[in-house]
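K.L.:
Model the placement of chain B on the given structure of chain A, informed by the hints.
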Amino acid sequence: MQTLSPQRLTELRLKANDVRQGIIRSLEAAKSGHSAGSLDMADVFSVLYGYVMRHDPNSPEMPERDRLLLSCGHIAPVRYSAMANFGYFPVEELLTLRKFGSRLQGHPERVRLPALESTSGPLGEGLAQGVGMALAAKMDGASWRVYVVTSDAEHQCGLHWEAVMTAGKFALDNLTCIIDRNFIQIDGSTEDVMPLEPLGEKYRAFNWEVIECDGNDVASLVEAFDAARRVTGRPQVIVANTIPGKGVSYMEGDYTWHGKPPNREQAEAALRELQTDRERILADV
Amino acid sequence: MSEKRDGDGAREMHLVDYRNAAEIKQLPTRNGFGEGLIEAGTRNANVIAICADLAESTRMEGFKKAHPAQYVEIGVAEQLLVAMAAGLASAGKIPFIASYAMFNPGRSWEQVRTTMALNETNVKIAGAHAGVSVGPDGATHQAIEDIAIMRVIPHMTVVVPCDSVQTKKATLAVAERWGPTYLRFGREKSAIVTTEATPFEIGKAQTFREGRDVAVVACGILVYNALVAAEEIAREDGIECAVVNNHTIKPMDEAAIVAAAQACGAVVTVEEHQQHGGMGSRVAEILAQRHPVPIEFVGVADQFGQSGDPLELVEYYGMGTSSIKEAIRRAHARKPGV
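One line per chain: the protein sequences are A and B, in this order.
In terms of my numbering, the first sequence has 135 at position 135, counting the first letter as 1, and numbering is strictly consecutive.
In terms of my numbering, the second sequence has 124 at position 124, counting the first letter as 1, and numbering is strictly consecutive.
One chain only, chain A, in its complex shape (with noise of 0.2 Å):
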């Protein structure tokens, strides 16, 4: 079921290709951080601010704006790319991420920046929170949903799976996890350093509906957060199926490109390739 015009599609993916830039601009100039995750989850915070979510980047802390919170902190470049893209900052502050005074911490800090919606790094913890905040909207019969976005190697945390066990028990249907599927974490596969699989049936297993889509494919995407807005009655998760750093060649699927930033070359190897990649997709028009 397509819901989306060809036009509004390739608006997204646009947007995807912004965001792109964006991340390999702030992690060149900050010097250090995390590329691969960051790349590989543009085409979800795309999808997320341009198409699904209720929100107002003039008015970020409306009363009924859905909640997104990012749990595996360390990929916060792609947050900001995105935030900025999306209006609700300039996109020249990128610059100043991980640097001195900036609102842009390495791992995002709600206090200095509200519209982020939670403070991340230490990792299973973004679930539990979502799970609080999607309890309180069904306490206080409010419409507003929530979208956490985690990583597949934070399903290791005992935590994550106590949100996952309570987000079942009270049929949390407000409530939509996204996981980051690209089967990388810092010491190589997730399925060598400790297997997750069968994912999806974990999560069936806590009363959870479970989609699985192509992450790095907008139309996918959208398919699958449709789908997950006509659940009632149980959370969803939103297996994303990534590769590593897509979007930039030499990084995709490459375990290694996990937490570091390009240099000054290879940042503009990688603008160059976004670039040719944005006029592919003008080109597909």
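Simulated from the structure, these hints should not be mistaken for laboratory data.
A short list of chain A residues far from chain B (calculated; beta carbon distances all over 12 Å):
id: 1; residue: 6
id: 2; residue: 14
id: 3; residue: 29
id: 4; residue: 96
id: 5; residue: 183
id: 6; residue: 192
id: 7; residue: 193
id: 8; residue: 214
id: 9; residue: 234
id: 10; residue: 252
id: 11; residue: 265
30 Å max Cα-Cα, derived DSSO-like pairs, lysine-lysine:
id: 12; chain 1: B; residue 1: 65; chain 2: B; residue 2: 189
id: 13; chain 1: B; residue 1: 65; chain 2: A; residue 2: 138
id: 14; chain 1: B; residue 1: 189; chain 2: B; residue 2: 64
id: 15; chain 1: B; residue 1: 64; chain 2: A; residue 2: 169
id: 16; chain 1: B; residue 1: 64; chain 2: A; residue 2: 138
id: 17; chain 1: B; residue 1: 65; chain 2: A; residue 2: 169
Quick caveat, the model's predicted, so the values are computed rather than measured.
Where is the CB? At the ideal position from N, CA and C, for every residue including glycine.
P.N.:
Relative to the frame of chain A, chain B by itself:
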């Protein structure tokens, strides 16, 4: 107002006549928490209680009955307890989260630091069964490091009320005052020294007894032991102790601590906690900078507890009245010119 004399203080604090053992009633401090929580939930519908499978022991059961729509049960999941509460607080709720202090905040320290304190959420930790006085459950369940690990975190408020009447007032005060907070109380029946009329304000220490020789700065259920020790040592040695109920560990009433040290020239701190890092350590930090005097510490001496009768354990680990008197004598003897 006439000048205060040794042994005074009880009147303006509207205390029970603690000198008269027949006047002393005993109730667990956790009962005061349960009563205060019900009233807090009545006053404000945003006050919610989240329980980790210990409704009866933490005294959340009354709240569950009185305010079922404001009550959440999550089972044995203390890390979730904190992080989920932070989410609820972000959405405008005032969550009280209860378990044994050993697990809450003992198990959840990083969640407290990140999601409550750094994230500035209005979550209230209720740490029950604190201290060795939990008794027969043994060392695994005796939280005696909790004050240290909470007071070190920026933005945290730490409150340790002295009896069940004060615990009720403290619970209400904590509910009404914005900020991430740790409220600590115990399991066993303990002496009630305050009354309905006794004032209570977070951050304001209370002089329960006047004295010029040694200032005994205490918190929690051992405030009563400090008062008894002060009376006994006045009779036995002629040493007159001020007794300060230092119920707020953070932000500590620095002016009151400095004033007590200036007035007496020696200090004894008394807490059901490790000597390291707790209330007494904070007193020492303040006085080292602002008014150095001899200090003696009453508390657990870098040990773990064990099973036993609560009073027996309090005595064994050096927090009974005789130990407090010994500490007072040591502090007094260290005063210059004594």
